[in-house]
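Visitor: Below are the chains, spelled out letter by letter.
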Amino acid sequence: MTLGNASTDPLVKVEDIHTYYGKSHTLHGVSLEVGRGEVVGLLGRNGVGKSTTLKAIMGIVRPSQGEVLFEGRPITHLPTHRLARLGIGYVPEDRRIFRLLTVMENLRTGLDRRGVTDARKKQLLEKVYDYFPVLAERRNQAGGTLSGGEQQMLAIARAMMLEPKIILLDEPTEGLMPRMVSQIRQIIDVLHHEGAAILLVEQNVPLTLEASQRIYIMEKGVVRHHAVASKLRVSDAVIHQYLGV
Amino acid sequence: MGIPLEQLLQAIPFEQLLIQTVNGIVTGMILALVASGLTLIFGIMDVVNFAHGELFMLGAYVGVITLAATGNFWVALVVATLTIALLGAAIHVTTLRPLLGRDPLTTILATFGISLVLQNYALWQFGPVARKIQEPFTGHFTLFYLDYPWYRLVIALLSAAIIGALWLFLKFGTYGIWIRATTQDRVMAQAMGIPVPSVLTVVFAIGAGMAAASGVLFGPLVGVNHAMGLDWVLKAFIVVVVGGMGNLGGSIAASIFIGLMESYASLWVSPAQAVIFSFVVLILTLLFRPTGLFVPTPK
Ligand SMILES: Nc1ncnc2c1ncn2[C@@H]1O[C@H](COP(=O)(O)OP(=O)(O)OP(=O)(O)O)[C@@H](O)[C@H]1O
Ligand SMILES: [Mg+2]
Numbered sequence: 001m002t003l004g005n006a007s008t009d010p011l012v013k014v015e016d017i018h019t020y021y022g023k024s025h026t027l028h029g030v031s032l033e034v035g036r037g038e039v040v041g042l043l044g045r046n047g048v049g050k051s052t053t054l055k056a057i058m059g060i061v062r063p064s065q066g067e068v069l070f071e072g073r074p075i076t077h078l079p080t081h082r083l084a085r086l087g088i089g090y091v092p093e094d095r096r097i098f099r100l101l102t103v104m105e106n107l108r109t110g111l112d113r114r115g116v117t118d119a120r121k122k123q124l125l126e127k128v129y130d131y132f133p134v135l136a137e138r139r140n141q142a143g144g145t146l147s148g149g150e151q152q153m154l155a156i157a158r159a160m161m162l163e164p165k166i167i168l169l170d171e172p173t174e175g176l177m178p179r180m181v182s183q184i185r186q187i188i189d190v191l192h193h194e195g196a197a198i199l200l201v202e203q204n205v206p207l208t209l210e211a212s213q214r215i216y217i218m219e220k221g222v223v224r225h226h227a228v229a230s231k232l233r234v235s236d237a238v239i240h241q242y243l244g245v
Numbered sequence: 001m002g003i004p005l006e007q008l009l010q011a012i013p014f015e016q017l018l019i020q021t022v023n024g025i026v027t028g029m030i031l032a033l034v035a036s037g038l039t040l041i042f043g044i045m046d047v048v049n050f051a052h053g054e055l056f057m058l059g060a061y062v063g064v065i066t067l068a069a070t071g072n073f074w075v076a077l078v079v080a081t082l083t084i085a086l087l088g089a090a091i092h093v094t095t096l097r098p099l100l101g102r103d104p105l106t107t108i109l110a111t112f113g114i115s116l117v118l119q120n121y122a123l124w125q126f127g128p129v130a131r132k133i134q135e136p137f138t139g140h141f142t143l144f145y146l147d148y149p150w151y152r153l154v155i156a157l158l159s160a161a162i163i164g165a166l167w168l169f170l171k172f173g174t175y176g177i178w179i180r181a182t183t184q185d186r187v188m189a190q191a192m193g194i195p196v197p198s199v200l201t202v203v204f205a206i207g208a209g210m211a212a213a214s215g216v217l218f219g220p221l222v223g224v225n226h227a228m229g230l231d232w233v234l235k236a237f238i239v240v241v242v243g244g245m246g247n248l249g250g251s252i253a254a255s256i257f258i259g260l261m262e263s264y265a266s267l268w269v270s271p272a273q274a275v276i277f278s279f280v281v282l283i284l285t286l287l288f289r290p291t292g293l294f295v296p297t298p299k
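Sequences listed follow chains A and B, in order.
Heads up, the first sequence stops at 245 in the UniProt record's numbering, and the numbers go up one at a time, no gaps.
Heads up, the second sequence stops at 299 in the UniProt record's numbering, and the numbers go up one at a time, no gaps.
Do not rely on the hints blindly, as some may be mistaken.
[Said to hold, decoys possible] As a list, the in silico BS3-like pairs of lysine-lysine whose alpha-carbon atoms are at most 25 Å apart:
| no. | chain 1 | residue 1 | chain 2 | residue 2 |
| --- | --- | --- | --- | --- |
| 1 | A | K231 | A | K220 |
| 2 | A | K122 | A | K165 |
| 3 | A | K13 | A | K165 |
| 4 | A | K231 | A | K23 |
| 5 | A | K121 | B | K171 |
| 6 | A | K122 | B | K171 |
[As the list claims (entries may be wrong)] To give an idea of the interface, some chain B residues facing chain A are shown, with a C-beta separation under 8 Å as derived from the structure:
| no. | residue |
| --- | --- |
| 7 | N23 |
| 8 | P149 |
| 9 | I177 |
| 10 | R180 |
| 11 | A181 |
| 12 | Q184 |
| 13 | D185 |
| 14 | V187 |
| 15 | M188 |
| 16 | Q190 |
| 17 | A191 |
| 18 | M192 |
| 19 | G193 |
| 20 | I194 |
| 21 | P195 |
| 22 | V196 |
[Claimed, not checked] Chain B is nowhere near these chain A residues, computed Cβ spacing over 12 Å in every case:
| no. | residue |
| --- | --- |
| 23 | G35 |
| 24 | R36 |
| 25 | E38 |
| 26 | P74 |
| 27 | N106 |
| 28 | L107 |
| 29 | D130 |
| 30 | E137 |
| 31 | L207 |
It should be emphasised that the hints constitute simulated quantities derived from the structure, not laboratory data.
Note that the coordinates shown come from a computational prediction; the quantities given were computed from them, not determined experimentally.
We put the beta carbon where it would ideally sit given N, CA and C, even for glycine.
Please take these sequences and the hints and turn them into a complete structure.
Guide: Shown next, in the form of structure tokens:
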């Protein structure tokens with residue numbers, strides 16, 4: 001075990017991880033890294049293992065081989081709740097709102113933790129209510145009664161309650177109306193400007209190229225391509241090769 | 001059979017009907033206290049706790065011992081609740097936590113094993129002769145022509161108060177939110193930083209403490225022996241199924257329903273036979289509405 005050097009280590013480093021669902025080998029040695037405050041896109045066709053990569057970082061799926069490092073320290077064997085407290089926020093693709101909890105209670109699952117003063121809690125709540133006014137309106141409504149777009153906002157707002165250093169965002173615009181999509185796009189920029197890193201899994205290629213600094217492209221459980229986002233175009237051959245239908 | 005209902009009702013004096021109503025509600029509330037610990041553990045942990053009756057019984061024994069030492073019933077109640085809650089936490093950490101994520105059958109076998117160990121421990125430690133817990137007061141009030149013990153009424157009220165406190169605990173406060181979030185989505189709860197393994201231990205401890213409290217409250221009515229858990233827990237299982245597994249409100253409604261039904265039934269048949277009605281309700285529930293009688297129809 002090496003002691004990390006906070007200034008030079010990437011925030012999150014995934015080193016050659018392999019995962020299995022039962023007997024099926026899903027990730028075949030995925031490696032990637034996300035720097036502090038960096039927005040990194042993770043693209044790939046359906047079923048290539050993007051969500052599994054996020055779950056492996058979050059400790060929800062345990063790699064059988066390989067290591068995940070956070071600020072230079074191995075975290076592969078820490079329980080998921082410890083990772084959340086270390087500063088990894090998770091917004092899963094199916095949103096996973098606590099449907100019977102109110103909007104406010106959903107937010108409190110992340111907000112009520114040791115070391116957060118009441119003043120700070122208030123500040124954090126005001127911030128998300130400012131970004132997502134609809135959540136303020138619906139604060140006493142059960143999470144399950146929200147529309148799909150509202151649930152997506154709640155899922156992001158809930159992760160923000162942890163004041164994470166990185167947010168793992170899994171297909172946040174999936175199935176949303178264009179107006180909602182642009183709102184999600186804006187919130188990605190806001191989080192970026194506030195200094196949070198984001199690992200963004202998306203099917204929306206133009207949005208991902210715009211929002212990210214770097215892009216990884218996966219195929220069949222491995223990362224096939226890595227590029228600076230500004231050097232990629234939607235029309236590029238690699239995009240067509242790995243993402244085209 | 002064959003007797004017109006009117007004639008049946010005429011045979012029963014109105015006062016007796018009222019007395020049985022009071023009786024039914026009182027029994028139902030006590031049953032609700034036993035059942036709510038069981039349903040809490042099932043609803044939140046997906047664990048069918050076959051050792052619930054033994055925690056109830058050990059609670060009563062701790063009550064007997066503390067009462068002998070201190071002479072104060074209420075001290076005995078609190079000490080028994082806390083002791084058994086701690087025992088519950090220890091059982092959870094050593095036996096159930098390692099089984100997390102395994103087939104639910106393994107937890108059934110584990111709790112069944114624990115129940116055998118605890119029951120035989122009690123038999124070895126305390127012997128087969130029943131002990132008595134003296135009720136804290138012995139007064140009666142007159143309910144029509146009957147002397148009705150105040151104590152029974154007080155247990156019903158205390159049961160209601162304890163269940164009410166549990167509800168408030170779950171509804172408000174951070175820990176209640178953690179528990180409810182854990183129930184709904186254990187993985188997402190962890191991803192929000194909720195220490196799920198500790199939450200589950202706390203829930204098991206609360207369930208165990210509630211079983212112990214009912215054991216002490218009940219001691220004066222039934223006598224304390226190593227097998228006292230069986231009857232009540234069997235009935236509590238019926239209530240939990242009829243009320244909808246894991247549904248706290250449903251269990252309370254079902255408890256009162258079963259309490260009243262057995263109470264009315266014993267106007268015609270002996271109390272021992274009245275139990276048959278509960279089993280009939282259980283079977284009908286399992287046949288026609290296996291999600292429980294007292295839950296809204298799932299969409
Ligand atoms: N819980 C599971 N059990 C078994 N197999 C699974 C499970 N979750 C995912 N898989 C399989 O693992 C592979 C990778 O799934 P994953 O969800 O990581 O893909 P993805 O890239 O996120 O796809 P999508 O774009 O559809 O979200 C797929 O073949 C999928 O069917
Ligand atoms: Mg996915």
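Visitor: Now, for every hint given, state plainly whether the structure supports it.
Guide: Each hint, compared with the structure:
For the proposed pair A/K231 and A/K220, the alpha carbon gap of about 24 Å is at most 25 Å, so the pair holds. A threshold of 25 Å between alpha carbons decides the hint, and for A/K122 with A/K165 the separation of about 20 Å falls inside it, so the pair holds. Between A/K13 and A/K165 the alpha-carbon distance is near 14 Å, which keeps this suggested pair within the 25 Å criterion. A hinted pair counts as satisfied when its Cα atoms are at most 25 Å apart, and A/K231 with A/K23 does not qualify at roughly 39 Å.
Simply put, A/K121 and B/K171 have alpha-carbon atoms about 20 Å apart, close enough for the 25 Å limit, and the pair holds. Restraint check for A/K122 and B/K171: the C-alpha separation of about 21 Å stays at or below 25 Å, so the hint holds. Residue-level restraint check for B/N23 is violated (minimum Cβ-Cβ distance to chain A is 35 Å; threshold 8 Å). About 40 Å separates the beta-carbon of B/P149 from the nearest beta-carbon of chain A, more than 8 Å, and the hint is not met.
Contact between B/I177 and chain A, as hinted, is supported at the beta carbon level, the nearest pair being about 5 Å apart and thus within 8 Å. A hinted interface residue such as B/R180 counts as satisfied when its beta carbon comes closer than 8 Å to some beta carbon of chain A; here the least separation is about 6 Å, so the hint holds. Interface hint status for B/A181: upheld, as the beta-carbon distance to the closest one in chain A is roughly 5 Å, under 8 Å. Taking 8 Å as the C-beta cut-off, the interface hint given for B/Q184 holds, the closest approach to chain A being about 5 Å.
A distance limit of 8 Å between C-beta atoms decides the matter here; for B/D185 the minimum to chain A is near 5 Å, and the interface restraint holds. Interface restraint check: B/V187 against chain A, minimum CB-CB distance 6 Å, threshold 8 Å, status holds. For B/M188, the shortest C-beta to C-beta distance to chain A is roughly 4 Å, which falls under 8 Å, so the interface hint holds. The restraint placing B/Q190 at the interface with chain A holds, with a minimum CB-CB distance near 4 Å, inside the 8 Å limit.
At about 4 Å, the closest approach between the beta carbon of B/A191 and any beta carbon in chain A falls short of 8 Å, and the interface hint on this residue holds. For B/M192, the suggested interface contact is upheld, since its CB lies about 4 Å from the closest CB of chain A, less than 8 Å. Evaluation of the B/G193 hint against chain A yields a held restraint, the C-beta minimum of about 4 Å falling below 8 Å. With its C-beta approaching chain A no nearer than about 6 Å, B/I194 sits inside the 8 Å limit, and its interface hint holds.
Taking 8 Å as the C-beta cut-off, the interface hint given for B/P195 holds, the closest approach to chain A being about 5 Å. Because the closest C-beta pair between B/V196 and chain A is about 6 Å apart, less than 8 Å, the hint holds. At roughly 22 Å from the closest C-beta of chain B, the C-beta of A/G35 stays outside 12 Å, upholding its exclusion from the interface. Listed as a non-interface residue, A/R36 keeps its Cβ farther than 12 Å from every Cβ of chain B; the least gap is roughly 21 Å.
Look at A/E38: its CB is around 21 Å from the nearest CB on chain B, clear of 12 Å, so calling it non-interface holds up. Every CB of chain B is more than 12 Å from the CB of A/P74 (nearest about 19 Å), matching its label as outside the interface. Distance to chain B contradicts A/N106 as a non-interface residue, since its nearest Cβ pair spans about 8 Å, not more than 12 Å. Non-interface status of A/L107 relative to chain B is broken: a Cβ of that chain comes within 12 Å, the nearest being about 10 Å off.
With a cut of 12 Å on Cβ distances, A/D130 stays outside the contact zone with chain B, its closest approach being about 21 Å. Every Cβ of chain B is farther than 12 Å from the Cβ of A/E137; the closest lies at roughly 21 Å, confirming the non-interface assignment. Every Cβ of chain B is farther than 12 Å from the Cβ of A/L207; the closest lies at roughly 24 Å, confirming the non-interface assignment.
Hint compliance for this structure: hints 4, 7, 8, 27 and 28 are broken, all remaining hints hold.
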